[in-house]
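Going left to right, the sequence shown walks through residues 119 to 236 as my numbering numbers them.
What the hints contain is simulated information worked out from the structure, not anything from laboratory work. Treat the hints with caution; some may be incorrect.
[Stated by the list, open to error] EDC-like cross-link-like pairs, simulated, lysine to aspartate or glutamate; straight-line CA separation at most 16 Å: (1) K166 x D179; (2) K185 x E159; (3) K169 x D179; (4) K185 x E160; (5) K214 x D235; (6) K185 x E199.
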Amino acid sequence: MSKQLTFGEPEFFASSHIHDYCNNVRGLIRPLVSELHVSAEELEAALKHVKSVNPKVFGLDSRVRAKLVAAHMRRASEAAEVICASAVRTYLSFRKHYVEEIDMTAAKQRAKSFQFDK
119 MSKQLTFGEP EFFASSHIHD YCNNVRGLIR PLVSELHVSA EELEAALKHV
169 KSVNPKVFGL DSRVRAKLVA AHMRRASEAA EVICASAVRT YLSFRKHYVE
219 EIDMTAAKQR AKSFQFDK
């Protein structure tokens with residue numbers, strides 16, 4: 119049975135829903151950043167010791183190939199980092215672009231269709 123990551127239901131009917139969803143994304147992806155980075159280092163270390171097919175280069179080709187393969191895992195780590203940062207930026211951008219509505223809602227205490235509660 120496979121593990122399934124879920125960020126929750128994407129129901130955006132209140133500012134707290136946006137905040138919670140973005141926070142869930144960040145909370146689930148953030149641990150993967152360091153895990154992927156460490157995995158890339160481990161993968162490179164393991165592949166460096168694969169016996170070279172060309173004995174004339176003294177194993178240099180194995181180290182280069184290991185670095186090339188592990189680079190893909192490093193990029194995955196960087197991509198996960200971008201996901202976390204983008205989730206935070208999403209909520210901050212929402213707050214920035216809807217500040218007037220948030221202030222207006224705080225004065226009125228309720229909005230009819232969309233609640234700005236955070």
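Notebook entry, point to check: Given the hinted pair K214 and D235, is their alpha-carbon gap at most 16 Å?
Noted result: Roughly 15 Å between the alpha carbons, so the hint for K214 and D235 holds.
Notebook entry, point to check: Taken at face value, is the distance from the CA of D179 to the CA of K169 at most 16 Å?
Noted result: The hint holds at about 10 Å.
Margin query: With the threshold set at 16 Å, check whether the alpha-carbon distance from K185 to E199 stays at or below it.
Written below: Status violated; Cα separation ~21 Å.
Next item on the list: Could you grab the alpha-carbon distance between K166 and D179 and see if it respects the 16 Å cut-off?
Entry: Since the Cα atoms of K166 and D179 sit roughly 9 Å apart, the hinted pair holds (cutoff 16 Å).
Notebook entry, point to check: Hey, K185 versus E160, does the alpha-carbon distance stay inside 16 Å?
Noted result: Holds, because 11 Å separates the two Cα atoms, which is no more than 16 Å.
Item checked: Pair hint outcome, K185 versus E159 [Cα-Cα no greater than 16 Å] -> Holds, because 9 Å separates the two Cα atoms, which is no more than 16 Å.
Figure legend: structure checked against the earlier numbered hints; the only hint not met is number 6.
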